Amino acid sequence: MNEIIEQAKEFGNKIYDSIFRHRFDNTGLTKSKIMFSNVMLHVQPVKIHKRSVKFKTTMGMGLITFYLFLILALTGILLMFHYVPSTAIGPDGLPDAYSRMLNLRSNVFWGGFVRNMHRWAAHGMVAFVALHMLRVYLAGAHRGGREFNWVIGCILGLLTVFLSYTGYLLPWDQLAFWGVKVGTEIAKLAPGGALIRGILLGDTDVGAEALVRFYVLHVAVLPAVMGFLIAVHFFRIRKDGGLARPADTSKEKQIPDEEFGDVKNNSVFKTARSYKLVEIVKGNEPKVNEEVDQMMFAWPKLIIRELMVLLGVCLVLSAISVFFDAPLEGPADPNHPTNPAKAPWYFLGLQELTSYHGFIGGIVIPGLLAGGVMVLPYIEMFFETFTKTWKTNVPGVWFARERGLLNVLFIGIYVFMLVLIIIGVYFRGENWAIVYPWEHPLSGGGH
Amino acid sequence: MIKDYRILFLLAFLGLVVLGLSMKKAFDQDWIKHQKTYYEALGEEFPGAVIKQVNVKTPAGAMLVDRCQSCHIGASNPDAAGFESPLAAHPPIVPGVENDPHDFAVIGCAVCHDGSSRDLDMHLAHGEAHGWIKPLLTGPSAQASCNRCHAMETGRLPGAELYVEGRELFLEKACWGCHTIAGISSSSQAPELSDAGGKFTYDYLVESIVDPSANIANSKMPYFDWAHDEETVAALATYLKGQQKARLRSDESAPIGYIKPKSEIKRVTEPSVAAGRALFAGAPYEGSTSMGGCVNCHAIRNTDGQLAGGQIGPDLTWAIRTRGQEYTRDHIVNARTHVVDSIMPTFKDYNDAELDSLVLFLGTLTYKLPEESEGQKMYDAYCVSCHGEDLNGRGVVSGMLDPYPRDFSKAQFVLAYEERFKNSILNGVGGTDMPAWKNILSEQKVETLIEFIKEKSLENAPENYKRIAVELPKIGDAERLDYKDKGKLIEAGDAEKGYEAFQKNCTSCHGKLANGKGPNAYNLEHPLPRNLISKEFLNQAAVSDERLYQSILLGVAGAPMPAHDFLSDQTILDIIAFIRANTEEAE
Amino acid sequence: MSEEKKDGKSRRELLTLGSAFGLMGLAAAGAAGALFKYMMPVVSYGTPRKFLVPVEDLPDVGDELIFDDMKVVLRRQTEKEVAAISLVCTHLGCTVNRVETGFLCPCHGSQYDSDGIVVGGPAPKTLPWLDIKVVPGGQLEIDTGAALEEGTFFAVV
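Chains as they are written, first to last, in my numbering: chain A, 12 to 458; chain B, 557 to 1143; chain C, 7 to 163.
Next up, chain A with everything else stripped away, as it sits in the complex:
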């Protein structure tokens, strides 16, 4: 009898071992094993700097953006089950794609909620990409070997905007049609823009062909490229030694261990930190005898923190989706523009600029901004190299005094775009005339 129980236990253990390669105790070894034997977790290092989990280090911006991407992928796939990118008009006078939107909000259980999630997450992602970029720049986290990752990040940002924009057309309502129409007209202004526009639209104007192309870009091409670049982005963070941070010094306050969970040391070397030996970190190693150990195990602190962010994002997003419905205007009508016809909000700054001067506002300024921002770390590198003012102590420092002017300029760009967007969304009414939002209801898209 006992033997059978023993054998059953053994069988159970074997099943357990075939799935998990470790137990859940408090030893450093287990904590390491948890991290590197799990495909989801092994992207992250076993030991991280204690400061990494502090709110003020990243504010979770990048992570929020990533989670929004995951939510978008999930809800997007769900929406694909109920969508066709077709403009064929039924006897009720509605294009097929638009009818599917009506289905989502009427007979499909949870359909409205899933669509709301997708819509709001898309807007949220554009916003958080911008915020993440602002955080990175102000904290100087694009420096110290991370310059190229900044460029990848910028490409990811552009992809995000483009993904959001291609998705904007899919409901095929008035908002979508005229928003995209306005956007692609701006593309025409650029040299060679007419070609790009032709390739995007597949026709001389926004129509059935454009819908199919935008659909394929939106559900296949762009998410694939995006997923790959996200992997590269994360990989480089890891290879660049985790989050950017200034060197530890002995003067710095030791962050107490208790906050990060206990570690039971069952090694024979009571003081050795064996893992440190194989850890490879670029940059200046602190002197050994002055070293302050600010490293800690990623499990469980980091994972729990990340889970918290995930839950928070889901929570806020679902709450918004329960209480606010995604906009859906009448079906697209190429003969009757909405007045005013507005692009989605993240392009409204551009549209506002083009209303002053087509080429300068629509191409030169945004081109300079996007291009300039993308190579910004290299501009900094260039000047600092040739003026011999290379600053090594600024990566990961919020509002480093040495970078004051740059920070002000960068914030200036943000404020400039924000002001334009606010004007575009709230202060432009019929015929693009200045109106006051408290006198006129919001109209004609932009959301």
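Keep in mind that the hints were calculated from the coordinates and are not lab data. Be a bit skeptical, because a hint or two may be false.
Stated by the list, open to error - In silico DSSO-like cross-links for lysine-lysine, where the CA-CA straight-line distance does not exceed 27 angstroms:
1) Lys608(B) / Lys56(C)
2) Lys65(A) / Lys15(C)
3) Lys608(B) / Lys43(C)
Bear in mind the structure is a predicted one, so any value in this text is a computation, not a measurement.
Dock chains B and C against chain A, hints included.
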């Protein structure tokens, strides 16, 4: 760490709550409640919530998805007759038939009532969402949709009374005169309405009939008196809403039980006063299909002098006596032959018998004022509808006239051009709506009238107003040189140079085409710039070169036309030559 | 810190973490349930079960009329008697072909006689005979959902 776990717990808990909320929202649908109430009221067991979807097939193979009966679940159940909305049975559509041929399980609701038939939320389904293209058609206005399946161009479909009334009104109210509806009328005067129902909502149509400028700011459509009668407007709007090019059945495949009768064309063939009267009133004449309805715009006076009819075009009591038969006929066929900017529609489809009938009928109007009437009385009978009670040229019908009637309230004008008045009244003003009154008014009476006008308009006249007298410079006169142009000898006007000068100095008001419709004309109020290509106007004796010269050089008194004393005499002569060249009568 | 205290602390930690994960699991299960409903069809866009045939479109006596898209054959036995037979094979739902001897299924070779009775092949049952109702307006309503016994004719006119 425990703090983190607690936060995690809290977040998970809140997440669960929000998830619950989203589920509640998805489950908590009005249509489910309605279905429960319905079965409760019927006393039956609730069989579970089901979306009642009708797929309405069309000949083209496409499908109209109709979910309305998820809420309107009792629509075809006679037992639900007394139930409250939305559960009640639909009232009978075809009156006096035991089994209504309309089966809602097959045709659904949206075929007749529009709305957003896929939606299940009341607000959305009834098409109340912002920008929705097909708001709900309720009550009798749903008769507009009969046309989507049944062939209804002529004949009477039981149950579609409002629609049929609307079609009759469309003819009676002379809408056909300006608007085209394929198969009924052809006119390029106003927007075509063959697809009015497809393009516009019912409310839009109602609004546009009641207030034409509500949706199109510079609409020329008149304001009709009858537009205040809600029933008339509803009938017309229902008829127009029924005009849809996209139909669910063709005339051939229209549902059985109704076959389109062949429309017969029977026109008036013998001219008669009675036929003319019927045409004028827009009433059918002895079974003919001739369309009329002059009375909607034009008023006439009976033998007692009582005025009746529309206040949109001029009073026609005097038409034959002031204009003559020929002119009247021409004017009906194409009003632009004589009055170049008239907005009256063309009635080119009238045959001779119909035109003769109308002229004959107008010839029977013989009302006249008593011989010894004073100025005020005469003015009130003959002039007031155009020139207005205050003599300011803003009479009731003035809004639709082009050019506007003269404004006598401007004393400068009266003082400056007094001597022209007699001729204008006796012989009329060519190319305008001012007719010649010589067959009705004697010279002496005209003088009485002018005295009256002067008396009224010069009450507050400025003292010492005097218009300078200038003469038309003689060509080649050595005594009268062009002083503004280095004292050159004056030559005959050159139309080509005149064209250049005109383009430089005149087009902002008179327009590039010299038709008086320049961009600035829209900022002017009264009178508007003269149409300078109106042959009828420019080729009358009263419009001499001297008058044109004076009007250009000094401007027109009491009108927005300014003085152009900066132009040299030669230039003015060139411009006159240009205007004359434009309006030369063909030999 | 004593061992006991430490144990208490870690037990509390485990409890909190466990219940947090429990709640998350609950939420995930709920969402999965909702997504199940999200995928479940609640309406059908398919061909309706019933369709109408005007009386004047009926075939001549002894003749048949096939409705391809409804997969029904309408047979007129006498002046007044008509019947409708489904053309859906009772084996695996292919559409059978009308031949001289009856019906043949192209998919797995089921054979029926002209009354739809199985004479060969894997088909388990007779082809369904359908319900016909005379509706107002001189039309017949054929219900493709109702399977009746073979030889069920209906009086029309």
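Tested hints:
The suggested pairing of Lys608(B) with Lys56(C) holds, with an alpha-carbon distance near 15 angstroms, which does not exceed 27 angstroms. The hinted pair formed by Lys65(A) and Lys15(C) meets the criterion: a straight-line CA distance of about 23 angstroms does not exceed 27 angstroms. Using a Cα cut-off of 27 angstroms, the hinted pair Lys608(B) and Lys43(C) holds, with the two alpha carbons roughly 18 angstroms apart.
The structure meets every hint from the earlier list without exception.
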